[in-house]
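Following the hints, position chain B against chain A.
Top line first, the protein sequences correspond to chains A and B.
Numbered according to the numbering used here, the first sequence spans residues 1 to 300.
Numbered according to the numbering used here, the second sequence spans residues 301 to 773.
Derived by calculation from the structure, the hints in this document are not laboratory data.
Honestly, I wouldn't trust all of these hints.
To be verified - Chain B regions said to be covered by chain A (calculated; three or more residues, Cβ under 8 Å):
#1 329-342
#2 552-561
#3 580-593
#4 653-666
If you're wondering where the values come from, they're calculated on a predicted model, not measured in any experiment.
Just so it is clear, CB atoms sit at the ideal spot from N, CA and C, and this is done for glycine as well.
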Amino acid sequence: MLPPGTDPPGERFESPQAVNQSLRSVGYLADEGIASVVFLADRLGKPVLVEGPAGTGKTQLAKSVAEMTGSRLIRLQCYEGLDESKALYEWNYKKQLLRIQAEQVTREGETWEQLEEDIFSEPFLLPRPLLEAIRATDPVVLLIDEVDRVEVETEALLLEVLSDYQVSVPEMGTVKANQIPLVFLTSNNTRELSEALKRRCLYLHLDFPSAQREKEIVLAKVPGVGDDLAEQVVRVVKLVRSLELKKAPSVSETLDWARTLVLLGVQHVDAERAKATLHILLKYSSDIERAAKELAAADS
Amino acid sequence: MTVATDQAQSGATVLAEGLFATFSGFVEELRAAGVPVSTTEVLDATNALRQLPLLGRQALKSGLAATLVKQEGHWSTFETLFDVYFSLRLPAMDAALGGVVDDEAGSGQELTASQLAEMAYRAIMEGDRDLMAALAQAAVSRYAGMEPGRSVSGSYYTFKTLRQLGADSLLARLLASAQEAGGLEGRLLEEDYRRHLRELRAEVEAEVHRHLISDRGASAVARSLRRPLPEDVDFMHLGKDELAALQKTVQPLARKLAVRLARKRRRRAGGRLDFRATMRRSLSSGGVPVEPRYKAPHRSKPELWVLADISGSVAAFARFTLQLVYALSSQFSRTRSWVFIDGIDEVTDLLKAASDVGEAVHHINTQADVIWAEGHSDYGHALVDFLERWARELTTRTTVLVLGDARNNYHPVQPWAVAGLAERARHVWWLNPEPRAYWDTGDSVLAHYATHCTGVLECRNLRQLRHFIESLP
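If we strip away everything but chain A, and leave its shape as in the complex, we get:
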């Protein structure tokens, strides 16, 4: 299944537990599920498609994996209208033009074929993230962010890269990968991705962390937070998430809230204090009202 001429899938990690520990050492508190998918991605040489609500650390996962393996992170941010010239490669028109003009001045006798061969070669190629990741000789992690934003047609661009780790440039031939990079795709699920893409990837659904894991995250990331406060913060956030909201608070908002409470010198959250600082946690006024009502009900 691998393209000939590439090394077999890597053995960067010993075991899922080892992945978990390394991720912890760079400040990403994974759970067993996440660790084993990252482990498999490396062993099977497959990209990982990470889906889930906003703010659950999808992008951060890729960054942390890059950090823990000492790799360079190459990021392709997707958006509507992303095309080949922004994702794969582009010819450097201006340089080609200058080359042609320079040619006319210096050497008269050269044929067009020679010139053409010259201007469609490496020095005139502008590699975009996908080609860059394929050509890299140093270890890289490729992050294709918010892949659900591109149109279905553009998705097809990714397929060759993701399954065979190669890029075809018509004028030059096929560029094959020297190594199989770790690839992460993230999606906020604004549309269903194509079957073809999903088939080529391992699938990881990142939901909000469990209470215990989120508490660990708070303890690790917020200096000066006590065990009790962290516990309470996480439980309140869980309660707020269970309401019907436009946007449920993300992990980073939990952290912001915990930081705020620490700065305010709060040791123990009561309904009053929680209500006064809800705007840190929630970003829509209707959501704030909704949550305030819930907390007020608890108070009476």
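Positioned in the frame of chain A, the structure of chain B alone reads:
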């Protein structure tokens, strides 16, 4: 040998025979449940099985999920089946169980009823998973009264065990004590207790399944647990729980529709050539206009108007419809909504004011003025009324969505009303919750209206709704 087995055989030379048989049975059952699993994915999963340490049950589970299940909605099906097929008791777990049970009273069999009740109380209060597992094991063997060979469903045993444990009254007691504590802490405790009871129920269920599996075998149990995937459940036959579960799925779908409508606006072909910018740009390439620049296209603001039938004939569908309409109006600010039976009333503001869908439904039921004569649906009158009162506000940017079965109770058909809408609006889509075979039978008059709509689609389950949203031009 079955297809799944053959497919996986080649990649699985290293897999132990027993594990391999379990695995192929598992894949077959996943497929039978409707989860699309391709050959490539089966091969990936066998590779994953070889790479993962088999003793780590959690790692095994996420490894298989990552290779086989590529949609969040299929997760619960996967989880149920995984527990059925890979419900091996691990030595470590048994040791932990033994420890707890020993602490309590020698062996699980000899626990008295009051001791069990005490354990249940502590389990719900503290949420200790090991304690729950031990309790489930002891309680099922004592209370469930399972006899080999009897064809009784697992949920009956689960229900019986929990009732004998008195789980509900324990919860009530704990909730009352939490309410006494009051304040935020009390509220949080309530949440905790409810969650712990859910966890305990899951433990008991798993224990019951374990017994059933040793009695009947995994595939028989899996078959008895087979449920349609969430996207295949018919709206007309939604139970209360299923409806609540749908809420989670409807929200992202509504967002998808909103994104879709917004995207259409931005995807209109590029604007006219921007001559000035092109000339300025060309200076960097020696006056040759290599890269033409375009003016940004004019942006129009799409609107969505939703007309929903909430009469008795589509009662179950109507509940779902209201969920959808509510989700739409919270996700897409330029949504206006109407509900109708034989009269029609705008409910945009009612929905905006409501803070959750329950409140919204309550407001609509009490405040919307939708009964004109007798309270049986009359599409003709409702649509004509709509045309007269609101149609002048329709613009070419408006997409109209009609949700209903077009069962007219033999009232006069007024197709020209829809024609009037179609003339002014950008699109008129009609989504019908009835199977296509029933259209235009009895008092259904869909065909009269259909000719004037952009499209009429069967919309009986989430799969079809999603398909509609994704195929919007």
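Comparing the hints with the structure gives:
1. 329-342: holds (count 4)
2. 552-561: With 5 residues in contact (Cβ-Cβ under 8 Å with chain A), the coverage given for the stretch 552-561 of chain B holds.
3. 580-593: holds (count 6)
4. 653-666: holds (count 3)
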